[in-house]
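Peer 1: Residue-level listing of the chains:
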Amino acid sequence: MTAVLLVGTGEVAVRAARQLLDTPGLDRLFVAGRDEGRAREIADALGPTMEAVPWPAVGDDGVPHGTDAVAVAVPAGAALEWARRAVRAGVHAAVVADTDDDLGALLALDDDARRAGVTLAVGCGLVPGLGDVLARHAADILDRADEVHVARTGAAGPACVDALRRARHERALEWHDGAWHTSRKLGPLLVWFPDPVGARECEVAAAGASVLLQAVPGAGRVTVRVDEPPVRSPTRALVTRKPLDSGWGAARVEVWGWRGAERVPVVYGVVDRTAVAAGTVLGVTAARLAGLLPSIALRADPASGARGLGALVEPTPFLAELARRGVKAAKFEGVPVG
Amino acid sequence: MKAFRRGLLVAAMAVAAGVVVRLRAKGSVPSTSGGWRELEGPEFR
Chain C
639 MTAVLLVGTG
649 EVAVRAARQL
659 LDTPGLDRLF
669 VAGRDEGRAR
679 EIADALGPTM
689 EAVPWPAVGD
699 DGVPHGTDAV
709 AVAVPAGAAL
719 EWARRAVRAG
729 VHAAVVADTD
739 DDLGALLALD
749 DDARRAGVTL
759 AVGCGLVPGL
769 GDVLARHAAD
779 ILDRADEVHV
789 ARTGAAGPAC
799 VDALRRARHE
809 RALEWHDGAW
819 HTSRKLGPLL
829 VWFPDPVGAR
839 ECEVAAAGAS
849 VLLQAVPGAG
859 RVTVRVDEPP
869 VRSPTRALVT
879 RKPLDSGWGA
889 ARVEVWGWRG
899 AERVPVVYGV
909 VDRTAVAAGT
919 VLGVTAARLA
929 GLLPSIALRA
939 DPASGARGLG
949 ALVEPTPFLA
959 ELARRGVKAA
969 KFEGVPVG
Chain V
209 MKAFRRGLLV
219 AAMAVAAGVV
229 VRLRAKGSVP
239 STSGGWRELE
249 GPEFR
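Same order as they appear, the protein sequences are chains C and V.
Heads up: the first sequence begins at 639 in my numbering, then just goes up one per residue.
Heads up: the second sequence begins at 209 in my numbering, then just goes up one per residue.
A portion of the hints provided could be inaccurate.
[What the hints assert, rightly or not] If the Cβ cut is set under 8 Å, some of the chain V residues that face chain C in the computed set are:
#1 S241
#2 G242
#3 G243
#4 W244
#5 R245
#6 E246
#7 L247
#8 F252
If you're looking for bench data, these hints aren't it; they were derived computationally from the structure.
Given the structure is predicted, the values throughout are model-derived calculations rather than measurements.
All C-beta atoms in this analysis are idealised placements derived from N, C-alpha and C, irrespective of residue type, glycine included.
Only chain V is shown next, with the shape it has when bound in the complex:
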């Protein structure tokens, strides 16, 4: 019973930590250098 309670406690702590990490995460992505230009004219000949 004691081991079961400990297991539950560990699981609850893991879930809580996961929630905190997910909610506080600040995802950012590196930027590219350049841009997109529509294909046109000579590229279609």
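So here's chain C without its partners, still in its complex pose:
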């Protein structure tokens, strides 16, 4: 019997639940939410394979017996606690995380996860997550990749909006010349995402840069840029004259490197409803960690430990599985601007 525990009842968690239920071979999907009523509603709505389980008390592991993997889509703090619970229970986990502090704390569980023989996939959303896998895919088609720049726009719920806002106010981090540098904020850069998102002004942030470097460890320069969080209140949109959140999210990945004697860019983009993209990435990763979807090979050897998604999975079969589920990446052909 294969069982997955889904932690969270927000927009990303619901999409991840749908993806997990669509995965052949899954026998049981447990769902735990701080709002237990909402968890029961989701379980009732999505069918008999799904079962709501109680939100654990402090000190309780909360991972039901027989669980093969945990998919975590809850805000910071709780996500870290659930990752620790999974490691203690000896169960693989895929975790959505948005801020630099959360990602750092999750990666710091590496030694514990290795000792427990557990794989901890850190950052399983749009960026960090899918953006890192696309960066790895782009680097693989070059002889040598030396610059990686990822940008992201869109947020999948209120917690995600908060995380994005924090990411833009935190110190910015940039990897160059073999060290992390706290870059001075020089203002936003216009970044072109696939339609219908188009051009957005994105600022350098720290969140996700460390897992991106894990994905392309030979890169001499690594940056992550984030757009302003979307405005979800019509009143606020009117006052600030900013567009109301359309629900779209996008990532743009630009990798520069060498093919023979020529230095060339590879530019990938992906656009979808933010919650759908993040939920699909989380669902597919958790399914793979539970032993389903064996066509997705793991590139990390040994697989145990805490690492970003780009360093964990082989990008080609992972992207093919996402495309089969409707989350399709695109390649930019032409002269990239921003």
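Use these hints to put chain V onto chain C, whose structure you have.
Peer 2: Frame of chain C; chain V shown alone:
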């Protein structure tokens, strides 16, 4: 009191100028050259 009034006047003028600039601004963005093509087939093998 006189300084306070002057301060208020300056602040009001600054706000008015800001509103005019924001309302009259015509943001335009440079265009890219090229387009997006969905990844498919050989790129997934």
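Peer 1: Now tell me if each hint is right for this structure.
Peer 2: Structure-based check of all given hints:
1. S241: With a minimum Cβ separation of about 4 Å from chain C (threshold 8 Å), the hint on V:S241 holds.
2. G242: Since chain C brings a Cβ to about 1 Å from V:G242, closer than 8 Å, the hint holds.
3. G243: Check passed: Cβ of V:G243 comes within 6 Å of chain C, closer than 8 Å.
4. W244: Holds. Min distance 4 Å.
5. R245: For V:R245, the interface hint holds, since the closest Cβ of chain C sits about 5 Å away, which is under 8 Å.
6. E246: holds, 5 Å
7. L247: holds, 5 Å
8. F252: holds, 4 Å
In the structure shown, no violation is registered for any of the earlier numbered hints.
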